[in-house]
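Novice: Chains as they are written, first to last, in my numbering: chain U, 6 to 260; chain V, 6 to 260; chain B, 7 to 306; chain F, 7 to 306.
Honestly, the hints are just simulated from the structure, not real lab data. Any given hint might turn out to be false.
Facing chain B, from chain V, some residues (calculated, C-beta under 7 Å) [unchecked claim]: (1) K10; (2) I11; (3) R217; (4) A219; (5) C220; (6) S239; (7) V241.
With a straight-line cut-off of 25 Å between C-alpha atoms, the simulated PhoX-like cross-links for lysine-lysine are [as the list claims (entries may be wrong)]: (8) U:K94 <-> V:K94; (9) F:K149 <-> B:K149; (10) V:K67 <-> V:K170; (11) V:K50 <-> U:K50; (12) U:K69 <-> U:K94; (13) V:K149 <-> V:K129; (14) F:K19 <-> B:K182; (15) V:K233 <-> V:K248; (16) B:K215 <-> F:K299; (17) B:K299 <-> B:K182; (18) V:K129 <-> U:K94; (19) U:K248 <-> F:K163; (20) V:K67 <-> V:K16; (21) U:K94 <-> U:K40; (22) V:K94 <-> V:K16; (23) B:K95 <-> V:K248; (24) B:K306 <-> F:K215; (25) V:K111 <-> V:K40; (26) B:K299 <-> F:K215; (27) U:K108 <-> U:K40; (28) F:K19 <-> F:K163; (29) B:K149 <-> F:K182; (30) V:K16 <-> V:K149; (31) B:K182 <-> F:K215; (32) V:K16 <-> V:K129; (33) U:K50 <-> V:K94; (34) B:K215 <-> F:K306; (35) U:K111 <-> U:K69; (36) B:K215 <-> F:K182.
A short list of chain F residues far from chain U (calculated; beta carbon distances all over 10 Å) [claimed, not checked]: (37) D40; (38) I76; (39) Q79; (40) G121.
C-beta atoms are modelled at their ideal positions from N, C-alpha and C, and glycine is treated no differently.
The residues making up each chain are set out below.
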Amino acid sequence: MAQVKIEAVVKSQEMLADGVYSMVLSAPEIARQAKAGQFVSVYTKDSSRLLPRPISLCGIDKEKGELRLVYRVAGAGTEEFSRYEAGEKVQVMGPLGNGFPLKEKKAILIGGGIGIPPMLGLMKALDCERTAVLGYRDSQLFLKDEFEAFGPVSVATEDGSAGTKGNVLDAIRANGVEGAVIYACGPTPMLRAIKAYAAENGIECYISLEERMACGIGACLACVCQSKEVDHHSNVHNKRICKDGPVFAAEEVEI
Amino acid sequence: MAQVKIEAVVKSQEMLADGVYSMVLSAPEIARQAKAGQFVSVYTKDSSRLLPRPISLCGIDKEKGELRLVYRVAGAGTEEFSRYEAGEKVQVMGPLGNGFPLKEKKAILIGGGIGIPPMLGLMKALDCERTAVLGYRDSQLFLKDEFEAFGPVSVATEDGSAGTKGNVLDAIRANGVEGAVIYACGPTPMLRAIKAYAAENGIECYISLEERMACGIGACLACVCQSKEVDHHSNVHNKRICKDGPVFAAEEVEI
Amino acid sequence: MDTRVTIAGVELKNPVMTASGTFGSGAEYGEMVDLNRLGAVVTKGVANVPWPGNPTPRIAEVYGGMLNAIGLQNPGIDVFVERDIPFLKQYDTKIIVNVCGKTTEDYVEVVERLGDTAADLLEINISCPNVKEGGIAFGQDPKAVEAITREVKRHAKQPVIMKLSPNVTDITVMAKAAEAGGADALSLINTLTGMKIDIHRRTFALANKTGGFSGPAVKPVAVRMVYQAANAVRLPIIGMGGISTAEDAIEFLLAGATAVSVGTANFFNPYATTEIVDGIEAYMERYGVEDVKELIGAVK
Amino acid sequence: MDTRVTIAGVELKNPVMTASGTFGSGAEYGEMVDLNRLGAVVTKGVANVPWPGNPTPRIAEVYGGMLNAIGLQNPGIDVFVERDIPFLKQYDTKIIVNVCGKTTEDYVEVVERLGDTAADLLEINISCPNVKEGGIAFGQDPKAVEAITREVKRHAKQPVIMKLSPNVTDITVMAKAAEAGGADALSLINTLTGMKIDIHRRTFALANKTGGFSGPAVKPVAVRMVYQAANAVRLPIIGMGGISTAEDAIEFLLAGATAVSVGTANFFNPYATTEIVDGIEAYMERYGVEDVKELIGAVK
Ligand SMILES: Cc1cc2nc3c(=O)[nH]c(=O)nc-3n(C[C@H](O)[C@H](O)[C@H](O)COP(=O)(O)OP(=O)(O)OC[C@H]3O[C@@H](n4cnc5c(N)ncnc54)[C@H](O)[C@@H]3O)c2cc1C
Ligand SMILES: Cc1cc2nc3c(=O)[nH]c(=O)nc-3n(C[C@H](O)[C@H](O)[C@H](O)COP(=O)(O)OP(=O)(O)OC[C@H]3O[C@@H](n4cnc5c(N)ncnc54)[C@H](O)[C@@H]3O)c2cc1C
Ligand SMILES: Cc1cc2nc3c(=O)[nH]c(=O)nc-3n(C[C@H](O)[C@H](O)[C@H](O)COP(=O)(O)O)c2cc1C
Ligand SMILES: Cc1cc2nc3c(=O)[nH]c(=O)nc-3n(C[C@H](O)[C@H](O)[C@H](O)COP(=O)(O)O)c2cc1C
Ligand code: FES
Ligand code: FES
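The shape of chain U in the complex, shown without the other chains (with noise of 0.2 Å):
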């Protein structure tokens, strides 16, 4: 099997806090075959806008063929999307990506922002010790409640509301977080800080990266991040987002 296009539906729609949403769709062809760390292409209504937005899978329920994405309004396709009641149709294609290579280590899960959803994901997913430290805004914690059913959660804030004043490294630090793999989501400044620390500690990292993409499928060279070895698609230093990506080893990629 391979990824499709299908016409999901929705079940539900929350708002989880200012401007962020969870939405759970019904698309059991892509739920079947998906995994934590992939993501979906999902396309909007207005045919003025034609391209896909790429969201991660927060959840994945395979009984009931479900995906659950979390995301935040940034944009008109996700504030369209926000609109969306229970019992609409949706385009979405997927799954997309690779995921997060599943390791048998001790697990730092590090989510920053829009980059948690991806992080509960994987959280339910692994089946060994883990921990996570998400970073937010502000006091608005959501999703904070459900990565406690699966282990010790660790918090910042940038206004200092809430856990840890600062950044996921300060709350690291602050609550003496260890582990001996960490996956990370979450914007790039944030991504290339734990990919130092993971170097400077000599952690395995695993980091799921964005771009801006066309065709979602390693076709159209659109996503491309700037890679350490040649990669084997195009054969110079530039892997594919979508297709060899989105999480990469740290060490693999110059961000």
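Take the given structure of chain U and dock chains V, B and F with the ligands to it, following the hints.
Specialist: For chains V, B and F with the ligands alone, kept in the frame of chain U given last:
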């Protein structure tokens, strides 16, 4: 007052015949000013289709502030309209055009196909002896019963399945329909024949024309027809159907 | 907050104007739009004599825009000067008269007739794709652009804006030719030449076969050309092509336009022009922009 | 019903192919689309050596379309010949290899390397707006078009399709230049040059500033150019630019295209190509068209 563009609300939608729909809109600002023979510009929600769909007023209820549009699905825009349900919001501009002059003479109202709906509005608005001649494709005689409340109705059908087989002029002749003024709306060949018929018989005659429109209010000069006299706006022989029409004295225009 | 901009010495209260041919001479839209709120009204093109224009159908809808082949129907300069200028004179807005012609002499005749009227600026349309003579024939050859600009300037009392065609290999060549001819400002873009075929009737959608393509769909080409022209000449530029929101207008200002014209958008939103005026102010407020002139060409 | 068309002696089972750069070499879309159903697969442009392409962001969404500035990233002809041609060879479809280069020698080198491969046709991209050297620089000057066509033809074993840029004043001049140089067919249009500015960040949306504009929004320009070129030269034309439905494809055939390429539409509908094949058959059925060739250039 003048035309306005407003957000109207669909009150009801009903299929009258294959592909022919009746939609009632709540649009008090427009209904208040409107008269028979005028039209509105209806906008689609699909942002790839930006131009207005001009639709004649089939009914005007000034008290309730409602407009009734009866339209045939002719393409993507009218197809979209046909999917609207009660409660849907629609952008509408109007009232547009001049409307029919209400003469105090025995009137023959002639509608052909989707030219029938505006004649119903006129049938209601006139206050003198009046008879309707309606041309249909087949036995789906939409709106016919509503005309009958105001006067006698003759029918022509292309396939002969009801009334006179043939066109509206065949029905006029077959039924010996007489009058001192003709009002007509329908396909151009029909209007051309009626114009000739009226001229031969010395009957005053008003016809409602159609053309592709962009602005709907007389500014863009898209919707012209050839006029006998030099037009007051462009100083040539081009009257604007949206502004100087859509109703013209038959001898005023070359069709 | 200062929203004023100046084009060739003429001060506009804000950078928002109408695009020629989409707003008549203002009277029709005046029923819905307060013309006093616009930086300028640009009129439909006017020639030395009345022009009947092209046969119908004159327009066709296309994805995100439209094609038009109106063919510059207009009442001729006499009626225009008697009726349309006095109408616009009633409002507190600038009057920009768009001029068309078949020959250089035609243009010159119109320009001379406008000399002692209340017109503030002249916009010379050498880029209409819908007429056989004149129009685009002038606008696609740099020598012709320079020559007609020079000739018009010799006879014009008001500052002259040359309106350029986007149907060219290199817009900077045309912009420089107009500058060399003495233009005071540039307008761009006029419409792209387009075609639509009705596959069911197997005919052209327009009687004229081809038409001018305008509307939101053309915006990326227009922004690119405004940017290129603004970086090639020292003239103020009036940007247009697909502007339907304040965001669009600001994009053109940042690319280097001093003012913007709103065309096709009027057809689907008659309130577009004044909404854009409001939206520019809201943007300035939000980002603490004191003077709209700070935005002009701010992205390099 | 006969859906076959012939381009320079190569028979395609139907007129539907992929547009270069939007379909990789078929492998990625092959998971969703049966490549055996396509008239041809046109590959991403390939150069003599690997090219890294442009910095990101490489794409931006615009109204009804997109801008791209991929910059012709490609693995170079060696990897291509070893990996991509054998992959495509597995399918019952024609292989059209799109060729790019910085100099005439680059093009010639690639064309020569392809001589003894299974490639059925060569499409020479002289119209990419996203690279500094080569690309569009060749495609905007008729003398350069003729010269490079002649040089490529001298070295090519397969028939040569020249891919033209729409960013020109007169497409017929370019079409005639390619014909004069000996081209066997033409492809048009490549992308229009466009720009988008992010008004909140006050930056260009693309790292490259400008990008190639494609998608449904550009269709009217593409149809017009295909019509003009088809009526100016005797070469078969592969039409493209905004095709996303069978109706769009038929519009291009009626305008004079012998075959069509589907590009940006793959990104929003991966099933677009085969849906278009089906839709053309449905249209032929509906209107009793026995042979698809009857449609080619049927609207004059
Ligand atoms: C692999 C991947 C996974 C993602 N997962 C999530 C998630 O789980 N939750 C979430 O809220 N967001 C996620 N994003 C970001 C999300 O794709 C963008 O916020 C969204 O596309 C914005 O669309 P818009 O129409 O609201 O904004 P606009 O700015 O109007 O979008 C315009 C165009 O830019 C693209 N775009 C804008 N921002 C981004 C971005 N950050 N990354 C990629 N493309 C962008 C859009 O897709 C669209 O094509 C993910 C991005 C990637 C690449
Ligand atoms: C003054 C006037 C009154 C009308 N009244 C009615 C009415 O009461 N009921 C009714 O069913 N139809 C009426 N029409 C015709 C109606 O406007 C078209 O059927 C409708 O615009 C088709 O839109 P579409 O998107 O479904 O078709 P498409 O073919 O997809 O439309 C494409 C474009 O062409 C325009 N167009 C297509 N057909 C026509 C046409 N016949 N006249 C003008 N523009 C057209 C559309 O508005 C749109 O801009 C009237 C037309 C005019 C000019
Ligand atoms: C119906 C119509 C008529 C036009 N008539 C003229 C004209 O008379 N003179 C002129 O210079 N430009 C004319 N134009 C071009 C516009 O002024 C403008 O340059 C173009 O439409 C691009 O802007 P837009 O996308 O906002 O419409 C016309 C455009 C349209 C749509
Ligand atoms: C992402 C992308 C990459 C492209 N790469 C190439 C290329 O390598 N060579 C080429 O000749 N054309 C390239 N093109 C142009 C397309 O082949 C096509 O000519 C153009 O996109 C118009 O068609 P469309 O509107 O269907 O996309 C590319 C287009 C896109 C969108
Ligand atoms: S989005 Fe096309 S290669 Fe990644
Ligand atoms: S539609 Fe613009 S003048 Fe009639």
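Novice: Which earlier hints turn out false for this structure, listed by number in ascending order?
Specialist: When the structure is compared with the hints, numbers 2, 10, 14, 18, 19, 35, 38, 39 turn out to be violated.
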